[in-house]
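Following the hints, position chain B against chain A.
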Amino acid sequence: MGKILMKGNEAIGEAAIKAGCLNYFAYPITPQSEVAEYLSRRMPEVGGVFLQGESEVAVGYMLFGAAGCGARVFTTSSSPGISLMSEAISYISSAQIPTVFVNIVRGGPGLGGILPSQADYFQATKGGGHGDYRLLVMAPDGVQEAVEMVMMAFPLAEKYRNPVMILGDGLIGQMMEPVEFPEHLKSEPSNKDEWATSGMDTRNSKERNLVKSLFLDSELLEAHNLALKAKYDLMKQEEIRYEPYHIDADYQVLIVSYGIISRVCRTAIDILKTEGFQAAMIRPQTLFPFPERAIEEAASKDSCKVVVSIELSMGQMVEDVERSVRGKRPVHWYGKAGGDVPTPEEIIDAIKSFITLNLMNS
Amino acid sequence: MAKTFKKPEALSDQPTHYCPGCTHGVIHRLVAEVIDELGVRGRTVGVAPVGCAVLAYNYFTFDFQEAAHGRAPAGATGIKRVRPDLVVFTYQGDGDLASIGMGEIIHAANRGEKFTTIFVNNTVYGMTGGQMAPTTLQGQRTTTSPAGRDVEDVGMPIKIAELISALGTPAYIVRQAVIKPKYIVRAKKAIKKAFQYQLDGKCFSLVELVSTCPTNWGLTPVESIKWAEENMLPYYKLGEYKTPEQDEED
Numbered sequence: 000m001g002k003i004l005m006k007g008n009e010a011i012g013e014a015a016i017k018a019g020c021l022n023y024f025a026y027p028i029t030p031q032s033e034v035a036e037y038l039s040r041r042m043p044e045v046g047g048v049f050l051q052g053e054s055e056v057a058v059g060y061m062l063f064g065a066a067g068c069g070a071r072v073f074t075t076s077s078s079p080g081i082s083l084m085s086e087a088i089s090y091i092s093s094a095q096i097p098t099v100f101v102n103i104v105r106g107g108p109g110l111g112g113i114l115p116s117q118a119d120y121f122q123a124t125k126g127g128g129h130g131d132y133r134l135l136v137m138a139p140d141g142v143q144e145a146v147e148m149v150m151m152a153f154p155l156a157e158k159y160r161n162p163v164m165i166l167g168d169g170l171i172g173q174m175m176e177p178v179e180f181p182e183h184l185k186s187e188p189s190n191k192d193e194w195a196t197s198g199m200d201t202r203n204s205k206e207r208n209l210v211k212s213l214f215l216d217s218e219l220l221e222a223h224n225l226a227l228k229a230k231y232d233l234m235k236q237e238e239i240r241y242e243p244y245h246i247d248a249d250y251q252v253l254i255v256s257y258g259i260i261s262r263v264c265r266t267a268i269d270i271l272k273t274e275g276f277q278a279a280m281i282r283p284q285t286l287f288p289f290p291e292r293a294i295e296e297a298a299s300k301d302s303c304k305v306v307v308s309i310e311l312s313m314g315q316m317v318e319d320v321e322r323s324v325r326g327k328r329p330v331h332w333y334g335k336a337g338g339d340v341p342t343p344e345e346i347i348d349a350i351k352s353f354i355t356l357n358l359m360n361s
Numbered sequence: 000m001a002k003t004f005k006k007p008e009a010l011s012d013q014p015t016h017y018c019p020g021c022t023h024g025v026i027h028r029l030v031a032e033v034i035d036e037l038g039v040r041g042r043t044v045g046v047a048p049v050g051c052a053v054l055a056y057n058y059f060t061f062d063f064q065e066a067a068h069g070r071a072p073a074g075a076t077g078i079k080r081v082r083p084d085l086v087v088f089t090y091q092g093d094g095d096l097a098s099i100g101m102g103e104i105i106h107a108a109n110r111g112e113k114f115t116t117i118f119v120n121n122t123v124y125g126m127t128g129g130q131m132a133p134t135t136l137q138g139q140r141t142t143t144s145p146a147g148r149d150v151e152d153v154g155m156p157i158k159i160a161e162l163i164s165a166l167g168t169p170a171y172i173v174r175q176a177v178i179k180p181k182y183i184v185r186a187k188k189a190i191k192k193a194f195q196y197q198l199d200g201k202c203f204s205l206v207e208l209v210s211t212c213p214t215n216w217g218l219t220p221v222e223s224i225k226w227a228e229e230n231m232l233p234y235y236k237l238g239e240y241k242t243p244e245q246d247e248e249d
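Listed in order, the protein sequences are those of chains A and B.
Okay, so the first sequence: first residue is 0 according to numbering that gives the first Met the number 0, each after it adds one.
Okay, so the second sequence: first residue is 0 according to numbering that gives the first Met the number 0, each after it adds one.
No lab work stands behind these hints, which were simulated from the structure alone.
All residues carry an ideal CB built from backbone N, CA and C; glycine is no exception.
Be careful, since some hints might not be right.
[To be verified] Computed from the model, here is a short list of chain B residues facing chain A with C-beta under 7 Å: (1) Arg42; (2) Val44; (3) His68; (4) Arg70; (5) His106; (6) Arg140.
If we strip away everything but chain A, and leave its shape as in the complex, we get:
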């Protein structure tokens, strides 16, 4: 199958189907309602389940129920809707149910705006819900990568029995790009019979399964949290993904940026190169686990003078970048938080100002 031109939201919906996920529960919210509109037509075509729930709160629990009995299921939403799902995400994480969430991030906080944003970084990576849980968080930089990440998300969710969150944004959701759907990934044999409430007869078992998150006994709850942490530690070892750009060169500035704005940064780096100024970029593709050591290593290059985290927010990922760099280089933040995407020229100006600042301070 060759490349086809698809709108991001629709491609995301099709990617789930291609990944063998035939169950979708969702609630309309700008800028991702097109996913539900597309799947309301497509799911019946492939014999799948489509249901528009009455709220994102309810949808979160529809996912709990459906995935809890062993089905592959996902939802899409946008920032305020993800806030509503955050309670369910905490419960799902504790009950260890594989699920996939796609957040087409919009401006916040509150009702905010409908233009692109990256201000849900904290919510996704540090937990929007309560308790000691983490999500495996991936961030595509365009429609093609969004498709690949959606298809990867299901086997990953099942491997770790954990929710996987994909952070897109309004631009990725709305723009049309050529897309090629990868071959359907082979999943590991499922261990769902061990835990899913699929009905004892379905499993040919006399043992019933229980999907829950309540552990009133302190020792049991501690053991449970230690088991969850072990999973997250394993994710940190095995699932870090990032894309370097020009880190072989002798760069003065290391940019860390993800998603749609990383594409603008790439253009900025190319323009600076024509002016004889070297910059490089590490583009995290997983935000949790975060490529800490790769960033630290890239920042430690002798030629590197400053590190700049460039985000469509008031600066959230910058804290993880600072932590990764461990004080070896100054870390700055540049970004916008209203929905406008900086131009390459604005990014270049920001980079030059940080270099000037660095010269003045040294």
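What follows is chain B alone, placed relative to chain A:
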């Protein structure tokens, strides 16, 4: 000697944590008997609430999921939509169903999700210590209505069976009681009829059960039965409120 009465297969051996005189034990048993009689234990999934029955899953021997407070009808929707062959029920109390979960139950009923809801109405929030519920009666004292429910301030108690019956989608909605043997017999019939509608793939079903909470009412179990008969039955009237056949006749 022939065995004529035994614990249902669907009920576990675990002694329950419920208070003396609590009707959860009765209701658990009725549900378990019905599941045994219908022969569906191997394909039943229960959804437990947050409330005294949060540990309900310890007392049944089939698949169970825990739901967050009020969300059981959404969880049950998810299960039943992806596995319509499973027998799915939610088990919920006043706070869970009629307060925080009001949106979820109304929409699940309105969509006609084909699961069964067992609604335990004892007019208070039991597990958290007896606070006022949407079903607390006018003038009834609770820990958050110490002077008695003031309907001028917080409105009238909600009649769930009537409310859900007002929706247009065909359903089986019934209210019975479990406070005395004569009522328990009728309650069991209602529960069985509700599950049968589900097995027939017919409609959503809700069985509201007038129940007691001696601990939080501050009464003995025997006094509670009297209080429920005198105060709850005149307001929460028993009977079938809606059947799918009646909609077909209209």
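Enumerated hints in conflict with the structure, sorted upward: When the structure is compared with the hints, numbers 3 and 6 turn out to be violated.
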